[in-house]
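Participant: Here's the letter readout for the chains.
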Amino acid sequence: MSGYIASLVSVIGINMILALSLNIITGFCGQVSLGHAAFYGIGAYTAAYLSKLGVPLALTLPAGAAMAGLIGIVVGLTSLRVRHDFLAVTTMGIGFVFLGFVRKQKWLGAELGISGIPAPGLDPLVYALLIVAIAGLVIVFCVWTKRSWMGFAFDAVADDEDAARTVGINVPVYKLTAFGIGTALAGLAGGLYVYFARIILPDTFDFVQSIAILTMVVIGGSGSVWGVVASTIALTLLPEVSRAASDYRLLIFGAMLILVMRFSPGGLAAWARRYLARRQAA
Amino acid sequence: MTTLARIDDLHISFGGVAAVSGLSFAVNAGEFLAVIGPNGAGKTTALRMMAGILRPDSGRIFFDDQDVTSLPAHARVRLGLGFTHQIVRPFYSFSTIENVMLAAGHRRTESPWRALFERSRQAARDKAAAILERIGLAEQITKSPRSLPLGQRKRLEVARAIALDPRLLLLDEPLAGLSSAEAATMADLIRTLPALGITVVLVEHNLGEVLRVADRIVVLDAGKVLAEGPPAEVMARADVREAYTGVV
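As they're listed, the protein sequences go chains G and X.
The opening position of the first sequence corresponds to residue 1 in the working numbering, with each subsequent residue numbered one higher.
The opening position of the second sequence corresponds to residue 283 in the working numbering, with each subsequent residue numbered one higher.
It is possible that some hints are incorrect.
[Said to hold, decoys possible] Cut-off 30 Å, straight-line C-alpha distance, at most; resulting in silico cross-link-like pairs (DSS-like, lysine-lysine): (1) G/Lys106 with G/Lys52; (2) X/Lys506 with G/Lys146; (3) X/Lys425 with G/Lys146; (4) G/Lys52 with G/Lys104.
[Stated by the list, open to error] Derived list of chain G stretches under chain X, where covered just means 3 residues or more per stretch with a C-beta under 8 Å from a C-beta of chain X: (5) 22–30; (6) 149–162.
In case anyone wonders, no lab produced these hints; they're calculated from the structure.
Only a predicted model underlies this, so the values are computations on that prediction, with no experimental measurement involved.
Just so you know, even glycine gets a beta-carbon here, dropped at the ideal spot from N, CA and C.
Model the full structure from these sequences, guided by the hints.
Facilitator: If you want it as structure tokens, here you go:
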């Protein structure tokens, strides 16, 4: 595997963890989040800061995930008070608060971010394989969750919170669980990114990044594990196969969002289900 | 007869207007109790406070001798206090049987972590299928609730509540919007619930069906109890007829 391929595989793996983490919050549990990049950033900054203090990767990655998860649960508390578009605006605000904070903190490098991050102590190829292995575990976890009674209860909360209460589901606890797991996994992705890039800048975790993650979820099919996996691979590779696609990445992502919303609101997963149903009927 | 539930001096106001003021009554174990009254009497509000959907401004609610006033709705469900909505609220993204399965497996969703390690749905499916069969929806199990007519959606709502194994079931106008034939079928169906060990509190406007199926009636007027007792005895009272029909 060349260095370029190892790098590409690493980026796909990190994006996959990131998109699947948002899918748990938005796709499984129905809680809109437009500030997910903040948790990616919290994990990244935590891991980067600790790594520069000499803390090994085996501890910085869990620390980044834990920090993002804890803050995610606090942010999740807002989901107990607001719903739908109000929650979307609130989570968007969280993203801006995060950026506003790190840009002013000299101990976090302010506008210049954190550079000179130590190498993970692994060959780039081995590190890429580690990312792929973790992404694989996250896929297994998501599939398991979706098929478990936790996934069943998440579906109910996403469908109708008030009806979920009348079947005995503790809606606030399930929402906080989704936020806790989803943001912790985003923090884990942030930690993995730190050792991959060896430099982090505040802009890496801005609103555009949050929308890019959401695009992967929506195009794949909100709530579908395999749809999100497929869309993450496709959307990460797209800028690599074409220079034009790279230059116009945001334009293409935006156009794809509009087309998916217009023609297949359930994303690739819904389209695939309809296609298979038609084939079975024929 | 033992008391299963009791509400004691409940008060609640919306925007300064008292919907329920000083409401008290008891529900006996195993009975079929109907709560009736004119529009605005506070029937649905009382039921929603018993279910934990509304929090009273003051007063206490007891279930099985436990003060449940401060418990949220989901916790009351787990104690055995079921509730059906006046306007049906199935999970539209689920099939009919999945709606009932989620309720049938309610012990598995008690906490997210327990739910994460519970995967088998067969027992819940079997229980849900049996309930749907008994309630007359066996042919609809794979259908979306969207495709069901209102009468069948109302039955689905009751099926979902039964699947929770409630000891007390609060039914909020389950006959509303149904044709007279559908209402009679539904009333016959819910009349069988006490025989299954489920005590029923029914809020309903359809007086004909209420008088046919209830063991006891509580009449509300202006947020408090006007009368209570056996249906024939209560309906013979002049003050009840005046409050309910406006005619002495």
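Participant: For each hint given before, does the structure comply? Return the numbers of the non-compliant ones in rising order.
Facilitator: 2, 5
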